[in-house]
Amino acid sequence: MTGLPLLTFNDNGIYCPKGDFYIDPWRPVKKALITHAHADHARFGSDHYLANKGSEAIMRYRLGDDIKLETVEYNEKLSINGVKVSFHPAGHIIGSAQIRVEYKGEIWLVTGDYKLTDDGVAEAFEPVKCNTMITECTFGLPVFNWPDQESVFDAINQWWQNNAREGKASLLMAYSLGKAQRIFRHINRDIGPVYTHGAIFNSNEILQPQTSFDLSSQRITSETKKAELKNALIIAPPSAINSSWSKKLKPYSLGIASGWMALRGARRRRAADRGFILSDHADWKELNEAIQLSQPENIITTHGYTDIFTKWLNDQGYNAVQEKTLYTGEMVDEKEEGGEK
Amino acid sequence: MRYFTHLFLTIDQTNSTLKKVEAFVRFLDEAPDNDKLWAVALLAGKRPKRSVRTNQLREWAAELAGIPLWLFEDSYHVVGDLAETIASVLPADESQSDRSLAEWMTYLKELKDQPDEEKKIAISEAWLSLSKHERFVFNKLLTGGFRMGVSQKLMVRALSKHLNEDENMVAHRLMGNWKPEETSFKKLLVEKDAEEDLSKPYPFYLAYQLDKEAEELGNTTDWNAEYKWDGIRGQLIHRKGTLHLWSRGEELITERFPEFTDKNSLKIAEQDFVLDGEILPFRDGEPLPFQVLQTRIGRKKVGKKTLEKAPVILMAYDLLELNGKDLRHTPFSERRAKLEKLVNELNSPVIQLSKLIEFDSWKKLQELQENAREVKAEGIMLKQKRSPYLVGRKKGDWWKWKVDPLLIDGVMIYAMRGHGRRANLYSDYTFAVWKGNELIPFTKAYSGLTDKEMREVDRFVKQNTIERFGPVRSVEPEMVFEIAFEGIARSSRHKSGVALRFPRISRIRYDKKPAEANKLEDLEDLIEMIEG
Ligand SMILES: [Zn+2]
Ligand SMILES: [Zn+2]
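Chains F and B, in that order, give the protein sequences. Going letter by letter, the first sequence gives residues 1 to 341 in the UniProt record's numbering. Going letter by letter, the second sequence gives residues 1 to 532 in the UniProt record's numbering.
Heads up, a few of these hints could be off.
Cβ pair distances, simulated, as ranges [stated by the list, open to error]:
no.: 1; chain 1: F; residue 1: Lys30; chain 2: B; residue 2: Glu476; range: 35 to 41 angstroms
no.: 2; chain 1: B; residue 1: Arg26; chain 2: F; residue 2: Lys248; range: 31 to 37 angstroms
no.: 3; chain 1: B; residue 1: Pro115; chain 2: F; residue 2: Asn188; range: 35 to 41 angstroms
no.: 4; chain 1: F; residue 1: Trp245; chain 2: B; residue 2: Lys132; range: 30 to 36 angstroms
no.: 5; chain 1: B; residue 1: Pro91; chain 2: F; residue 2: Lys68; range: 46 to 52 angstroms
no.: 6; chain 1: F; residue 1: Asn188; chain 2: B; residue 2: Lys132; range: 21 to 27 angstroms
no.: 7; chain 1: F; residue 1: Lys68; chain 2: B; residue 2: Arg147; range: 54 to 60 angstroms
no.: 8; chain 1: F; residue 1: Trp245; chain 2: B; residue 2: Glu370; range: 43 to 49 angstroms
no.: 9; chain 1: F; residue 1: Lys248; chain 2: B; residue 2: Lys444; range: 39 to 45 angstroms
Hints are computed from structural coordinates only; laboratory data are not their basis. No experiment lies behind these values; they were computed from the predicted model shown. For glycine and all other residues, C-beta sits at the position ideal for the given N, C-alpha and C.
Isolated chain F, as found in the complex:
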């Protein structure tokens, strides 16, 4: 690389000096390109936003109806101050994109969060060739190998059915944006009624118009009777673990759907009855595969076990460095796991 790099990291986030725009900034800026609508990537307060069309509804809901937001289709080619920019499916959640930035033939890619498995909800991941790849590596350790999702959903359905037979609710913790909809897509709704925490109920309402399957559920309210829940699946965000909200739902079996459930210690620490290994992030194999497909010479790693993953990439002959960011990756609850980024 000679001269100023096409993208740099500064106090506000990932910056493109040539195009004068940011990608997923963590402070308010003039122009923000957003990979996806998760709160650690799409933050409040910037003057102008640019995102994939699929992110629009959630971004307006979370950041305010009046934000200045321009949307693009996947693969649509734009030019910002002479820098070519395009958004490509990342397979992470609805509307999630890898952002490709090109100037004078040099290509940089910001992956945002991604996974290679087609979950039937997000637009399926498409690899993008580049010279420099800024990749997440939340699960960048060889111990993270996701089981195939069919077997995971079989296990979830089985668990729900067993609990229903015993007359207790199944409380399943899953992110309200992404994982919750993925669960709706794959569960067997013949087993019993599905209830949701308000956060998920709201996300579902907003996403229903752009979703091809049924996201309907009953919202848990103060009027909800315990008797209704005895064969129900209740989906709630991870922050509701051990909250006063969840105490009212007893008796229930507690399940957590997260990539961290691959670690026995992480599940036991939360006293969950069941841990389901389900993540919207790439596992070890997928991270390595995505990198092979993108064929970068240089790699910059963010979120997760960046130090270890970077060393591994250098061993593999890439020119890799890590960068500190404020992205939190996948968390089981708000304060944990994300601490060391």
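Starting from the known structure of chain F, arrange chain B with the ligands on it as the hints suggest.
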């Protein structure tokens, strides 16, 4: 292996004792006898000898996974469990093995004397024929660290349900020095042994810590009080001319304490007996610090020098069997009378009677309890005079009333990632006290914090790291903790020159600055005070 892995998963997935017992009973009803025997042996802590070194396992697993060894090690630090790390990094299984648990145990045993190359091939084949969960269990068998969250009590309950037998009977049959290779499930637990095992101990009765005011126990005249001695609990068994000593961990330790088999110190009388008491380092009519006993515990062969330096006795406090008669159902006061008579007749320097404390009010007893350290005791034991000798930990008839712990404020200077339940969290800490301007580490402690506090400390560690050494980080000396412990003694093995007994964190001292932590002199004063 299927049944056993299923049992493991079910137990791992629930916190309810009831469910665990249910799962265990189901396993016992379904699995073949040989597997049942092995499961019972493993859960009772009987480990087969290791046939492979863990270093070899790491290397082979890394090689099979196609990753460098350093990456395997780094992953292990994050996961915190070797068996789990190996199970997770290996490629998916290629075939499904039908070997039973017992067959796997034989497989491993036969490996023991094979050359390394053979071992490697056999272990790799095993790994690739097992599912991820089975692999995890298999690795636990390999590394010998089998803990499953199944207490002895729980196992006894499940076995008694499965066999339709009394719990005490089952517990008794499980005791002793049996080996799964040398017996069968039927022989051990079903058939009544005609040739009675002369060495077989009784399950120990364990007391709970007193959780109320002593006054609430009622009349002082209903209770006996003795000092609580700081040694290891033991059962000394004399039957038909044989002598056996058992520790509470159900280990036969006769050979380690030759003072009891030495005819000069213990002339065995005509009478057969089973004594319950405390194996205690003791000289000139006084107990010695626990650390003295520690020099004996790990040692199988005991030389003359050790015997002189660390002499022990049995401080006897109960009599469970006399001349073949099980006394456990008779009241404590009757057993006590027989015990006093027996100890008197034995007239041995290595068997002392734990004396009863005279007291006519709870208030007076409390004074003695508070000063128990002066007589080198940990506190007081309270035993209901009418109480039978029960099995396991039961509330009501026996209480231990320990003195309040000693306290020292120390500064955290190192933190280490935890294991198992605490993998990924910095949960094990090293604390230091001041010696002039220098902080001298004096103890490690890892228990005593709530999960919430532990997460707070974890965050502090991550944000205040000075240096990393593998799983350990040195941190800015800013956080002060109150450390509680039961005893303290001089030790040449530690930089600080002191060793603590049962150290744990009692609280975080947010109100104290590092400069306000204790000094090394304070620890030395404590030793002076106790050793007097
Ligand atoms: Zn995300
Ligand atoms: Zn992210």
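Results for each hint:
1. Lys30/F - Glu476/B: 35 to 41 angstroms: Given a distance of about 38 angstroms, which is inside 35 to 41 angstroms, the answer is holds.
2. Arg26/B - Lys248/F: 31 to 37 angstroms: holds, 33 angstroms
3. Pro115/B - Asn188/F: 35 to 41 angstroms: violated, 53 angstroms
4. Trp245/F - Lys132/B: 30 to 36 angstroms: holds, 34 angstroms
5. Pro91/B - Lys68/F: 46 to 52 angstroms: holds, 49 angstroms
6. Asn188/F - Lys132/B: 21 to 27 angstroms: holds, 25 angstroms
7. Lys68/F - Arg147/B: 54 to 60 angstroms: With Cβ atoms ~58 angstroms apart, the hint holds.
8. Trp245/F - Glu370/B: 43 to 49 angstroms: This hint holds: roughly 46 angstroms between Cβ atoms.
9. Lys248/F - Lys444/B: 39 to 45 angstroms: Given a distance of about 41 angstroms, which is inside 39 to 45 angstroms, the answer is holds.
The structure fails hint 3 only (numbered hints given earlier).
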